[in-house]
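2 protein chains.
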Amino acid sequence: MPKDQAIHDINAKFYEAFEALDIRRMEAVWLREDYIQCVHPGWSLLAGWDAVMDSWRRIFENTEQMRFRLTDVRVKVIGTLAWVTLYENLVSSVQGEGNSAVILTTNIFEEVGDGWRMVHHHGSPVMIPETEPTPTVH
Amino acid sequence: MPKDQAIHDINAKFYEAFEALDIRRMEAVWLREDYIQCVHPGWSLLAGWDAVMDSWRRIFENTEQMRFRLTDVRVKVIGTLAWVTLYENLVSSVQGEGNSAVILTTNIFEEVGDGWRMVHHHGSPVMIPETEPTPTVH
Numbered sequence: 654m655p656k657d658q659a660i661h662d663i664n665a666k667f668y669e670a671f672e673a674l675d676i677r678r679m680e681a682v683w684l685r686e687d688y689i690q691c692v693h694p695g696w697s698l699l700a701g702w703d704a705v706m707d708s709w710r711r712i713f714e715n716t717e718q719m720r721f722r723l724t725d726v727r728v729k730v731i732g733t734l735a736w737v738t739l740y741e742n743l744v745s746s747v748q749g750e751g752n753s754a755v756i757l758t759t760n761i762f763e764e765v766g767d768g769w770r771m772v773h774h775h776g777s778p779v780m781i782p783e784t785e786p787t788p789t790v791h
Numbered sequence: 654m655p656k657d658q659a660i661h662d663i664n665a666k667f668y669e670a671f672e673a674l675d676i677r678r679m680e681a682v683w684l685r686e687d688y689i690q691c692v693h694p695g696w697s698l699l700a701g702w703d704a705v706m707d708s709w710r711r712i713f714e715n716t717e718q719m720r721f722r723l724t725d726v727r728v729k730v731i732g733t734l735a736w737v738t739l740y741e742n743l744v745s746s747v748q749g750e751g752n753s754a755v756i757l758t759t760n761i762f763e764e765v766g767d768g769w770r771m772v773h774h775h776g777s778p779v780m781i782p783e784t785e786p787t788p789t790v791h
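Line by line, the protein sequences give chains E and Z. According to my numbering, the residues represented by the first sequence are 654 to 791, in order. According to my numbering, the residues represented by the second sequence are 654 to 791, in order.
The hints are simulated quantities; they were obtained by calculation from the structure and are not laboratory data. Be careful, since some hints might not be right.
Note: identical chains are not told apart, hence a pair may lie in one copy or across any two.
Heads up, simulated DSBU-like pairs for lysine-lysine below, C-alpha to C-alpha not over 35 Å straight-line [said to hold, decoys possible]:
1. LYS729 / LYS656
2. LYS656 / LYS666
3. LYS729 / LYS666
Using the sequences provided together with the hints, build the complete structure.
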């Protein structure tokens with residue numbers, strides 16, 4: 654399988670696990686290493702297997718429904734690492750409350766013996782429309 | 654020079670160029686490739702040399718002062734790629750207005766012939782204190 658396709662596949666599996674709210678499928682996407690990291694939109698950094706998986710468990714427990722439409726998916730592979738950027742156009746129901754949001758995400762994947770695994774996920778809210786970028790604090 | 658040290662150095666150069674509001678120094682940090690990407694906090698994705706450098710030029714033109722204190726800097730190197738996570742504790746003056754903010758950032762660097770260069774910068778605002786992570790839309 655071409656590398657790009659393998660990365661599209663594991664990236665898709667991440668969002669399928671998220672939509673399924675299934676911790677076993679989410680665990681299967683990630684590399685079981687201390688150096689994995691996860692940034693949920695607006696949260697602080699979570700580092701290491703236990704902290705990252707605890708966060709998914711907590712999110713899944715409080716979420717009734719989660720649906721993603723991924724747009725502008727870009728993949729870059731160099732050696733045994735790849736990073737993917739995309740917009741998560743999501744509609745969710747969290748603790749009985751409906752939400753919709755656009756999240757801009759960087760996912761990093763590492764190639765290991767039997768395929769690719771996620772090692773880093775950084776999602777953040779998009780607050781400024783694409784057509785009118787203006788200076789912010791940064 | 655050990656790889657970790659080289660990555661700490663180029664990462665520091667990025668923030669020095671930012672504090673200096675110096676587009677030449679900022680250009681020297683980045684790899685001149687179409688696949689470089691930059692996400693300023695809350696902005697949409699910027700891709701490619703021209704879009705990324707235009708954004709820095711625009712930010713520098715509108716910023717009088719920018720000071721960073723970097724905390725929890727973590728470096729992971731695999732082959733010719735490295736990613737760095739950190740908190741940017743920043744104080745700035747933008748268009749005459751003082752701001753302070755905590756930005757959580759993922760920087761990706763690539764090793765090329767003569768050293769390491771930035772290929773990806775994703776900064777996002779921290780809105781939830783570390784001690785009380787609660788479920789959000791994601």
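These are the hints, each one checked on the structure:
1. Both within a single protomer and between protomers do LYS729 and LYS656 lie at most 35 Å apart by alpha-carbon distance, with minima of 10 Å and 22 Å respectively.
2. For a Cα distance limit of 35 Å, the shortest separation of LYS656 from LYS666 qualifies both inside one copy, at 15 Å, and across copies, at 32 Å.
3. For a Cα distance limit of 35 Å, the shortest separation of LYS729 from LYS666 qualifies both inside one copy, at 18 Å, and across copies, at 24 Å.
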